[in-house]
Amino acid sequence: AQQKTTIGVSLAQDDNPFYIAMLKGIRERAQELSWEVVTVSANEDKAKQIAGVQDLVAHGVKGILISPIDAVGVNAAYDAAKAANIPIVSVARGSTSPNQTLHVAMDETQIGRDIAEWTAIAIGGEGKVAMLLGPSGVPTFRNLGDGYAQVMAKYPKIQIVFRADGPLTRERGVKQAEDTLVANPDLKAIYAANDDVALGAMQAVLAADRSGKTIVTGMNGVPPALRAVKDGKLAMTVELNPVLWGRLGVDVLASYLKGEKVEPRVFIKHVIIDQTNIDAKLPKT
Amino acid sequence: MRRHSKYTWPWLRRFNLVGQAPLITLIVLCLATALMTDRFISPLNLTNILVQSSIMAVIAIGMTFVIIGGGFDLSVGSTVALAGCIAAMVMVRFGLVAGIIAGIAAGMAVGLANGLIIARLGVNPFITTLGTMVLVRGVVYLITGGAPVGDEGLPPAFIAFGSVRFLGIHYLVWVPALLLVALSWLMQATPYGQRVYATGGNREAAYLSGVAVERIIASTYVWCGGLAGLAGVMLAARLQSGQPTAGEFYELTAIAAVILGGASLHGGEGTLYKSIIGVLIMVVLGNSLNLLNVDSYWQRVAIGAVIIAAAATDRLRSHR
Amino acid sequence: MRRHSKYTWPWLRRFNLVGQAPLITLIVLCLATALMTDRFISPLNLTNILVQSSIMAVIAIGMTFVIIGGGFDLSVGSTVALAGCIAAMVMVRFGLVAGIIAGIAAGMAVGLANGLIIARLGVNPFITTLGTMVLVRGVVYLITGGAPVGDEGLPPAFIAFGSVRFLGIHYLVWVPALLLVALSWLMQATPYGQRVYATGGNREAAYLSGVAVERIIASTYVWCGGLAGLAGVMLAARLQSGQPTAGEFYELTAIAAVILGGASLHGGEGTLYKSIIGVLIMVVLGNSLNLLNVDSYWQRVAIGAVIIAAAATDRLRSHR
Amino acid sequence: MTKPAVSARAVSKYFGATCALANIDFELFAGEVHALVGENGAGKSTLVRILSGVHQPDQGEVSIDGQRAHLGSPSAAIAAGIVTIPQELRLVQSLSIAENLTLGDPPVKRVLGMRVVDRRRMRAAASDQLAQLGLSLDPGIRVDRLSYAERQLVAIAKALRRHCKILILDEPTAALEMREVERLFTLIDHMKREGAGILYVSHRLDEVVRLADRCTVLRDGQVATVARRGNFKIADLIVAMTGGLEMQPSDTVSEPGGIVLEDVSRRPDAIRLRANEVLGLAGLLSSGAGHMLRRLFGFTGERIELRRNGRLKRIASPADAIRIGIGFVPDERRLGLIMNQSIRDNILLPSLDVIARGGRIDRGEGNRLVEQMMELLDIRPRHPELPVSALSGGNQQKVIVAKWFARGVGVLLLDEPTQGIDVAAKAQIHTLIRKFAKRGGGVLVRSSDLTELTLICDEILAVHQARITDRLQRSDGFDEKRLHAAIGG
Ligand SMILES: Nc1ncnc2c1ncn2[C@@H]1O[C@H](COP(=O)(O)OP(=O)(O)OP(=O)(O)O)[C@@H](O)[C@H]1O
Ligand SMILES: Nc1ncnc2c1ncn2[C@@H]1O[C@H](COP(=O)(O)OP(=O)(O)OP(=O)(O)O)[C@@H](O)[C@H]1O
Ligand SMILES: [Mg+2]
Ligand SMILES: [Mg+2]
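Chains as they are written, first to last, in the numbering used here: chain P, 117 to 401; chain X, 4 to 323; chain Y, 4 to 323; chain B, 925 to 1413.
Treat each hint with caution, since some may be false.
[What the hints assert, rightly or not] According to the in silico footprint, chain Y covers these stretches of chain B (three or more CB under 8 Å from chain Y):
#: 1; region: 995 to 1003
#: 2; region: 1010 to 1020
[As the list claims (entries may be wrong)] Sample of chain P residues facing chain X (criterion: CB under 10 Å; computed from the structure):
#: 3; residue: Val277
#: 4; residue: Gln292
#: 5; residue: Thr296
#: 6; residue: Ile394
#: 7; residue: Leu398
[As the list claims (entries may be wrong)] In silico negatives: residues of chain B with every beta carbon more than 10 Å from chain Y:
#: 8; residue: Thr926
#: 9; residue: Asn947
#: 10; residue: Ala954
#: 11; residue: Asp982
#: 12; residue: Glu1023
#: 13; residue: Thr1026
#: 14; residue: Gly1028
#: 15; residue: Pro1030
#: 16; residue: His1114
#: 17; residue: Val1150
#: 18; residue: Ile1195
#: 19; residue: Arg1281
#: 20; residue: Pro1305
#: 21; residue: Pro1308
#: 22; residue: Gly1364
Simulated from the structure, these hints should not be mistaken for lab results.
For every residue, glycine included, the Cβ atom is placed at its ideal position computed from N, Cα and C.
For reference, chain P alone in the conformation it holds in the complex:
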């Protein structure tokens, strides 16, 4: 019997719905191609990600899909793949390594800018804004936040009154939003680094009787966030469709393995979801 092609996947996290969905896409597509998938997870620890990729190399995989935790920090992982002549494709996040074979990317800064533009319009170009950033040191979230702040800086009447980093959990969203709403009762908008944080912040807004007056924006487009947009509790979120990313990653790798020519950087589109287009996005129930 012909031996199955095995590919390796190195995730940045395995407890984040985004990566869980992405892995689902990878698995689905791989199954269609009758490939096998070997996964390792790094949980935001760079040394662990390098170790994981080395383990994949030792395992003898044909190609690797990786969501690098850091653009530089895990270059040794790319070096290890290169040394073994295994193609390595970055998905979702990218690397500066010369050994990165391909990159399936999102434009994080642009997403941040888009959220900010949307928010600025929604609050009429003036008022106080709070930012609940992602974990410090994680480039994706730094880029998102930078894009957002860049745009807001262009509005003289918009003030960022609160910036705090933290883990991507709902609980932290509740707590920081509660505190910032006490400090700034007239807050106009809360930027949340992802949907979990946003759902937490939304709860604090409801509890403080500010619903409709303080808007909350999310990112990722996970189902509960979509429902919250539908209910009008969450102002907007950004759909990234990680399942598609996963599929795309596998397809790109497949083309490369077949020797087809592939662009070194493949961008993925993101869609802003708000009241205007939510109905089209919600799964039919």
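Since chain P is already given, all that's left is putting chains X, Y and B with the ligands on it; use the hints.
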């Protein structure tokens, strides 16, 4: 050396202020913040502080049991997540009460496993509970697939429990308040409580005085697990869903709160209400830094410094 | 109770297997993995394991000092990040050697602060190092702005240090190997080592025998901080940059490794090479689960279970 | 006139409200053995701790060779040539005997210019020191594997190693048997002749009379008398210590009743204990007598079968033994007390189930019991809330004994029950033990003090290598010589 430090501030001891170092730290912290921002003493903020403390307070009570008994529990954070997810899963299918019971029972089961491994097999508590911390987190992800549970809607009564008040105080706050009263009584007035203190103070001497030390030690972990389970259920009510990522770093916060409250990691010392003061110190600290809009990098510096300073003040206490 | 556990397995003691429980665990783990996948014993994989262990091994050596001395250090993870970032920043401007020295010195400074607060002021080590863990992480973010340092290119010699071999073995692996030899000698053969063991075993007895216990305790934290600093520099070489988020959870892994290696959190016991065996157990465990393609949720369950099992086996050792 | 090697002038020391030493003058000359005696809590150990740099006096000063000295830490005292064996053993359990003996300044050699511990010399020195005390232990074994008496000897050996000007021994012989005591005395004699000054604290007044050139008696933190050799007799010392308290001779002789405790196994050390009987165990160091007591209390890990008042009972742990009315006073104080807890909590610990009413502790009942016990055993100071760590050694020992009287057990197993207890209190405890037996209790007591055994026992069993080798009855009249011969001494 330790010995003479006991006698360093005799006048302080006379006024018996020294035993109250955590309380004093808390008051100073509150006053300082109140001076810097008038928002601090607003009813909304005080309520926020109480609600934010409530869940950690329940965990800290359980942790105090374990620490008085001479142990250590790193698994509470994972247990919180496990209990919250199980409660949400069961609740959706079998109703509110079943869900709550299932959540607490899951916590007690983790505690029982810890307790048996530590007390019976004599394995080091640090390693054991580090092991269950990782293992239980794995189980949480396995049963939830890593996704939040119950977003499709938990029973409204449960969600209300996470946000509604009784006599002007959130239900979430009543829970640790009542627990504090009941369990302080248990620790101070019953033979069981005395035996826990004795076991933690000197396990061999307690054993020779007829205390079933293994059972006592195991029981402290069951309390800790069960209360972490209850805290998980409360957190699920507050977050309106079971969150598999919930509770990370809770273990360190809880242990820090208990030690700030004057307990000794050598065992045999600790008071429930002081542990709760320890929790309040941690929560008020975070809250005031947020109110003052301190940059989150500087927040870390401040939190680290204040924790150390608070513990150093506590050194003025009678001993250790 | 403890007393008789000494006599439980006399035949085991005769063969003196019991002191080697960690080594046996490691061997069993390796054999089991080798049986399940032939990739395990490939030279590539064995090299990987060594390189993956090297940084944690350096940290664990320092942690062993502190734990033998009766202490505890939660701040090593943050120290690793601090040292890596400082080394990278200094290196870019003042060259390789200055960078390495600055990184190690930064670690020693953190260790010295810990040591003075713990030994002199007598503050609880858990609280103190939890405080510095948070505080130092804040400092790291402040000096780096949260972004990696040295992306623009660290000295090639430094990057080579993170990947090049000498006599077929990575430089990164030589570091803990040489340290192990030198520091084992320090701990076993010099009066200083004796004093560390004595202080950890019974601080009062050591004090009454004229040992400068405060200085000894402080020195263990300086060792730990300095070695964590060195580990941070090594990690920066491996990551080809100074990473402000590096080293998270390293403290728990390091402590777990040291305890798996047979040290006691009560102090006075511990052996450097066994701590490194503890590190290898943790690394081989992760490696084999990856090679066997165990789902990452199940990996947690397996890691938790194996850690507990390894510690339980260790209970067959002569005592405690 | 020669200057004293060490002296304390007008020294006072307070612990909170307690005055442990009030305006004390004390002198110790080179080449003399100076005994320090006094009731429990008189302040002896406090003075010792001041001279060894552990405590600093609140008032007054300490001089060495006539020079004012500041002893800020034990290492300062050691540097000044003062070596101390403290009352509570201070050994590092996790280290070997040799490492403990050389703790502080291990023998070093130079290797490549580095100071390295000379293991060979360390072991040799350790063997020598042990041999001086007649011990043939392997210096390589860990201290936590020794019996309590052996550890006491190691602690003594530790002090003997340093070439000191002044040697302070705080109750070194509390749990030692004659043979070892004799060896210690020979050594002390030797050191004295070499010119060392020796401060000797003890409650064994016969030792004091034999050994001391001078004797200082402390009472309530003050100097009651200082006397030279020949000018004091045991009776005088007692009067000076207690301020003239009459001592009643303990009553003896009672009719043995039915068997209260019987070890049903067929072992060479099986015990049978009757009601109204005080049964003594006498043996040399490591005779196994201690093990016999621990075994009956379920503290050896074995499961044993006992007949208690005729009924067969299985015992696997101390809790089982306590349940059938057995109490145990261990030789090692650490095993009897929870140091950071109050006197009250310690006394009540074994009795919690007795004083609980409806699941909660009856405070009133507990307080009454504690008060009664503190009175009965004269535990001072009378503050039940005080942590036992703040008590003097002898008072701590009384607390351990009080635990079992409070519970009202039927059988007492006592291992060195009166170690560190002053003469008056000792007599009092002897009376209590006799009374306990008289009211139908059974007592099994092991003591290294043969006189004590002859005072309180109805029968004494000689133990040698874990077997009972002889039985002596009170009715035959105790013959100390024969007893000595029986235990192999
Ligand atoms: N650490 C302490 N804290 C409070 N009080 C203390 C402390 N140490 C000793 N004391 C008190 O000081 C007094 C003298 O105690 P010390 O230990 O000197 O007596 P001692 O003569 O050695 O008695 P013993 O013969 O029982 O050993 C006692 O009343 C004791 O309770
Ligand atoms: N914990 C222990 N570990 C190993 N050996 C022990 C232990 N305790 C006692 N032994 C040994 O067992 C023998 C008898 O000990 P035991 O404690 O019964 O002596 P003992 O009669 O109490 O005498 P003493 O108290 O005078 O030493 C001794 O050789 C002693 O060294
Ligand atoms: Mg004394
Ligand atoms: Mg004995």
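Do the hints match the structure? See the list:
no., hint, result
1, 995 to 1003, "holds (count 5)"
2, 1010 to 1020, "holds (count 7)"
3, Val277, "holds, 7 Å"
4, Gln292, "holds, 6 Å"
5, Thr296, "holds, 6 Å"
6, Ile394, "violated, 16 Å"
7, Leu398, "violated, 13 Å"
8, Thr926, "holds, 28 Å"
9, Asn947, "holds, 27 Å"
10, Ala954, "holds, 22 Å"
11, Asp982, "holds, 21 Å"
12, Glu1023, "violated, 7 Å"
13, Thr1026, "violated, 8 Å"
14, Gly1028, "violated, 4 Å"
15, Pro1030, "violated, 5 Å"
16, His1114, "holds, 23 Å"
17, Val1150, "holds, 28 Å"
18, Ile1195, "holds, 20 Å"
19, Arg1281, "holds, 31 Å"
20, Pro1305, "holds, 24 Å"
21, Pro1308, "holds, 26 Å"
22, Gly1364, "holds, 31 Å"
Violation of the numbered hints given earlier is confined to hints 6, 7, 12, 13, 14, 15; the remaining hints are satisfied by the structure.
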